[in-house]
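Note that the protein sequences, when read in sequence, are chains E and R. Under numbering that gives the first Met the number 0, the letters of the first sequence match residues 0 to 273, in that order. Under numbering that gives the first Met the number 0, the letters of the second sequence match residues 0 to 297, in that order.
Calculated from the structure, these hints are not laboratory results. Each hint should be verified, as a subset may be incorrect.
[To be verified] No more than 27 Å apart at the CA atoms, straight line, and that leaves these computed lysine-lysine pairs for DSS-like:
hint: 1; chain 1: E; residue 1: K100; chain 2: E; residue 2: K191
hint: 2; chain 1: R; residue 1: K105; chain 2: R; residue 2: K128
hint: 3; chain 1: E; residue 1: K42; chain 2: E; residue 2: K191
hint: 4; chain 1: R; residue 1: K203; chain 2: R; residue 2: K105
hint: 5; chain 1: E; residue 1: K133; chain 2: R; residue 2: K51
hint: 6; chain 1: R; residue 1: K67; chain 2: R; residue 2: K105
hint: 7; chain 1: R; residue 1: K103; chain 2: E; residue 2: K191
hint: 8; chain 1: R; residue 1: K105; chain 2: E; residue 2: K262
hint: 9; chain 1: E; residue 1: K191; chain 2: E; residue 2: K161
hint: 10; chain 1: E; residue 1: K7; chain 2: R; residue 2: K103
hint: 11; chain 1: R; residue 1: K203; chain 2: E; residue 2: K7
hint: 12; chain 1: R; residue 1: K105; chain 2: E; residue 2: K7
hint: 13; chain 1: E; residue 1: K133; chain 2: E; residue 2: K7
hint: 14; chain 1: E; residue 1: K42; chain 2: R; residue 2: K128
hint: 15; chain 1: R; residue 1: K293; chain 2: E; residue 2: K161
hint: 16; chain 1: R; residue 1: K57; chain 2: R; residue 2: K67
hint: 17; chain 1: E; residue 1: K233; chain 2: E; residue 2: K133
hint: 18; chain 1: E; residue 1: K233; chain 2: E; residue 2: K220
hint: 19; chain 1: R; residue 1: K103; chain 2: R; residue 2: K203
hint: 20; chain 1: R; residue 1: K203; chain 2: R; residue 2: K128
hint: 21; chain 1: R; residue 1: K51; chain 2: E; residue 2: K262
hint: 22; chain 1: E; residue 1: K107; chain 2: E; residue 2: K161
hint: 23; chain 1: E; residue 1: K7; chain 2: R; residue 2: K99
hint: 24; chain 1: R; residue 1: K67; chain 2: E; residue 2: K233
hint: 25; chain 1: E; residue 1: K161; chain 2: E; residue 2: K262
hint: 26; chain 1: R; residue 1: K51; chain 2: E; residue 2: K191
hint: 27; chain 1: E; residue 1: K220; chain 2: R; residue 2: K128
hint: 28; chain 1: R; residue 1: K128; chain 2: E; residue 2: K233
hint: 29; chain 1: E; residue 1: K133; chain 2: R; residue 2: K49
hint: 30; chain 1: E; residue 1: K7; chain 2: E; residue 2: K100
hint: 31; chain 1: R; residue 1: K103; chain 2: E; residue 2: K262
hint: 32; chain 1: R; residue 1: K67; chain 2: R; residue 2: K203
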Amino acid sequence: MKKKVTVKTVLIMAVTLILLAISLFPFYYMVVQSLQPWDMVDKTLVPTDLTLRSYEYLIGKGGATNSMMWIRALLNSLLVSLPTAVISVAIGLAMGYTLSKLGFRGEKFIMDSLLFQMFFPTIILLVPRYMIAKSLANTYAGMIIPMCISIWAIFMYINYFKTVPGAVFEAARIDGAGDLRILWSIALPVTKSVSTIVFLSIFMQRWSELMWDMLISPDIKMQTLNVLISTQFKPMGAFPGPMYAASVILTLPIIILFLCFSKYFKEGISFMLK
Amino acid sequence: MKKNNATNRRRELVGWALNAPYLLYSLVFFLLPLIWAFWLSMMDWNLMSKDKTFVGAKNFLDLFSDPKVQAAFINSYRYLLPVVLLCFFFGLVIALLVSKLPDKIKGIVAVLFFIPYLTSGVATSVVVKYFFNYNSIFNEFLRNNFDLTINWLTDERYAFGVMVGIVVWKMSGYYALFILSGIESIGTDVNEAAALDGSTGLHKLIHVTLPMIMPTLTTVLVLATGLAFGIYTEPFLLTGGGPNLSTTTWQLEIYNTSFTRFQSGYGAAMAIASAVQIFVTLRIVNFVSDKLNKRFGF
């Protein structure tokens with residue numbers, strides 16, 4: 000009996016490993032090709048010698064026409080994604096708290112409005128939104144403001160606050176704490192797992208946004224890394240080596256961020272199912 | 000009594016103040032664009048010029064005879080079916096495998112399967128573009144060993160499959176997390192009862208596990224349906240919607256019509272048509288989900 004279990008476990012592990020290898024192969028391929036000499040890119044799966052030439056090209060060594068554009072793009076991505084994620088968390092937290100714990104007259108109206116937007120395909124709004132935000136073209140504000148409110152995030156907070164006993168907040172109020180103080184020193188710590196998941200998810204979505212950023216920020220100086228790489232798909236775009244290197248730089252920060260906070264995930268996912 | 004009044008007033012004030020950013024946002028970036036979109040959909044307009052010509056329902060009528068619109072409409076379902084089925088299959092397989100792993104490595108393996116979901120479609124497209132390039136090691140291998148020369152992204156027979164493959168690769172691990180979480184919430188009493196009845200393997204999967212996680216499965220169904228309608232980045236970068244519109248999507252056609260061909264009024268009409276299709280399809284999927292949940296007692 001014992002032996003049978005072991006064989007089964009080994010089999011499960013083997014199949015898992017094969018599936019995992021398939022699922023992670025593109026990352027292996029991306030990293031390996033980014034480190035190949037340029038005449039060997041896409042020619043081998045196991046490199047014989049490795050070089051940083053593709054990465055050096057991106058920081059301006061070795062004849063890049065616009066030496067700072069890749070670094071600038073990375074910085075732009077950060078300067079757009081970070082504020083967007085922070086604002087989404089702040090607004091989600093404030094609204095989740097007021098809509099489920101405060102009890103005020105506008106509650107029902109705002110909930111109805113949220114529900115309506117939740118199930119509304121935003122593609123309809125694309126052209127008019129562009130017309131409204133056009134005066135903010137090529138600015139960080141133009142990339143941040145129209146995308147800084149996430150209905151999904153607000154609902155995550157509303158549902159989470161519903162599971163927190165109201166007494167926690169009442170006690171603080173009796174002690175004389177103001178609402179902003181309650182938000183900062185009670186609501187935020189209590190919702191730590193939801194806040195982490197919302198922050199990471201919004202950061203990741205913003206980091207990978209393509210359509211809006213292409214529209215609102217056509218100037219190369221203001222492009223995010225995601226958009227800059229996508230513009231190089233044209234026939235006269237960058238060489239494959241640097242494209243792989245740029246893709247690694249685009250992918251790595253997100254993976255590292257998520258791995259660092261992976262312990263919050265399962266809690267969050269099981270919560271999202273409720 | 001007076002204190003109560005003051006407290007109530009303060010509550011109203013705090014409530015409205017903390018929701019004010021959302022309300023302002025909704026006014027400027029939701030309500031106003033919504034009305035504007037319907038108005039634009041009745042105009043002949045090129046995005047830049049000040050002149051708009053009122054054309055009434057003409058844009059909507061033109062949709063019916065537009066091959067791009069027809070392709071987008073049909074492709075939505077062509078994507079939907081394999082994407083939902085394959086994501087479901089792989090998500091379930093991954094979740095079942097991970098749930099049987101030793102507890103020590105369970106968490107990390109689940110997270111590793113989740114990594115493709117985190118990857119920007121642009122980075123994925125870079126890898127896919129070069130990996131399927133004529134001179135890539137992969138195509139050299141096929142040519143030298145099997146005498147096969149396949150134009151993966153320009154041949155209608157393969158380009159669509161590549162797009163579906165990318166989406167399934169990206170999403171399966173994500174949906175697996177949901178399904179895994181469902182499987183793990185099944186009580187030990189249920190598992191013990193199944194063991195007592197001698198239900199194992201496939202029999203247990205079909206008669207115990209799947210019915211027990213029905214609400215999770217229907218959640219995944221709804222999520223995957225929404226996903227299939229949002230496909231954009233990969234066809235935009237890799238095929239441009241071609242060859243012969245075989246990989247195009249609503250998002251791609253709406254973007255190109257409005258911002259590349261500058262038929263912005265027509266693009267707005269197209270967007271409304273796509274929203275109607277999404278709405279009706281989600282309604283049907285929700286209906287089926289509710290029926291399934293009820294049937295299994297949820």
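For each hint, the structure was consulted:
1. Between K100 (chain E) and K191 (chain E) the alpha-carbon distance is near 17 Å, which keeps this suggested pair within the 27 Å criterion.
2. A distance of roughly 33 Å separates the Cα atoms of K105 (chain R) and K128 (chain R); the hinted pair therefore is violated under the 27 Å criterion.
3. A distance of roughly 47 Å separates the Cα atoms of K42 (chain E) and K191 (chain E); the hinted pair therefore is violated under the 27 Å criterion.
4. For a cut-off of 27 Å, the pair hint linking K203 (chain R) to K105 (chain R) stands: about 21 Å separates their Cα positions.
5. A hinted pair counts as satisfied when its Cα atoms are at most 27 Å apart, and K133 (chain E) with K51 (chain R) qualifies at roughly 18 Å.
6. The straight-line distance between the Cα atoms of K67 (chain R) and K105 (chain R) is roughly 46 Å, outside the 27 Å bound, and the hint therefore fails.
7. Under the criterion of a C-alpha separation no larger than 27 Å, the hint pairing K103 (chain R) with K191 (chain E) is consistent with the structure, at around 24 Å.
8. Under the criterion of a C-alpha separation no larger than 27 Å, the hint pairing K105 (chain R) with K262 (chain E) is consistent with the structure, at around 12 Å.
9. With a C-alpha separation of about 15 Å, the suggested pair K191 (chain E) and K161 (chain E) falls inside the 27 Å cut-off, and the hint holds.
10. For the hint pairing K7 (chain E) with K103 (chain R), the CA-to-CA distance comes to about 17 Å; that is within 27 Å, so the pair holds.
11. Distance check on the hinted pair: K203 (chain R) and K7 (chain E) sit about 16 Å apart at the alpha-carbon level, within 27 Å; holds.
12. Of the supplied pair hints, the one linking K105 (chain R) and K7 (chain E) holds, its CA atoms being roughly 16 Å apart against a limit of 27 Å.
13. Between the alpha carbons of K133 (chain E) and K7 (chain E) the distance comes to roughly 60 Å, so the proposed pair goes past 27 Å and is violated.
14. Distance hint between K42 (chain E) and K128 (chain R) is fulfilled; the C-alpha atoms sit about 14 Å from each other, no more than 27 Å.
15. The straight-line distance between the Cα atoms of K293 (chain R) and K161 (chain E) is roughly 25 Å, inside the 27 Å bound, and the hint therefore holds.
16. With a CA separation close to 17 Å, the supplied pair K57 (chain R) and K67 (chain R) stays within the 27 Å bound.
17. Restraint check: the Cα-Cα separation between K233 (chain E) and K133 (chain E) comes to about 25 Å, which is no more than 27 Å; the hinted pair holds.
18. Using a Cα cut-off of 27 Å, the hinted pair K233 (chain E) and K220 (chain E) holds, with the two alpha carbons roughly 19 Å apart.
19. Restraint check: the Cα-Cα separation between K103 (chain R) and K203 (chain R) comes to about 25 Å, which is no more than 27 Å; the hinted pair holds.
20. Of the supplied pair hints, the one linking K203 (chain R) and K128 (chain R) is violated, its CA atoms being roughly 42 Å apart against a limit of 27 Å.
21. For the hint linking K51 (chain R) to K262 (chain E), the alpha-carbon distance of about 55 Å lies beyond 27 Å, and the restraint is violated.
22. For the proposed pair K107 (chain E) and K161 (chain E), the alpha carbon gap of about 15 Å is at most 27 Å, so the pair holds.
23. Taking the CA atoms of K7 (chain E) and K99 (chain R), the gap is about 10 Å. The hint holds against a cut of 27 Å.
24. With a CA separation close to 23 Å, the supplied pair K67 (chain R) and K233 (chain E) stays within the 27 Å bound.
25. The suggested pairing of K161 (chain E) with K262 (chain E) holds, with an alpha-carbon distance near 23 Å, which does not exceed 27 Å.
26. The hinted pair formed by K51 (chain R) and K191 (chain E) fails the criterion: a straight-line CA distance of about 51 Å is larger than 27 Å.
27. Between the alpha carbons of K220 (chain E) and K128 (chain R) the distance comes to roughly 26 Å, so the proposed pair stays at or under 27 Å and holds.
28. Taking the CA atoms of K128 (chain R) and K233 (chain E), the gap is near 12 Å; set against the 27 Å cutoff, the hint holds.
29. In summary, the hint linking K133 (chain E) to K49 (chain R) is supported, as the alpha carbons are separated by about 15 Å, within the 27 Å threshold.
30. Between K7 (chain E) and K100 (chain E) the CA atoms are separated by roughly 50 Å; this puts the pair beyond 27 Å, and the hint is violated.
31. Proximity of K103 (chain R) to K262 (chain E) is assessed by CA-CA distance (about 13 Å); at most 27 Å being required, the pair is judged to hold.
32. In summary, the hint linking K67 (chain R) to K203 (chain R) is not supported, as the alpha carbons are separated by about 46 Å, beyond the 27 Å threshold.
Of the numbered hints listed earlier, those contradicted by the structure are 2, 3, 6, 13, 20, 21, 26, 30 and 32.
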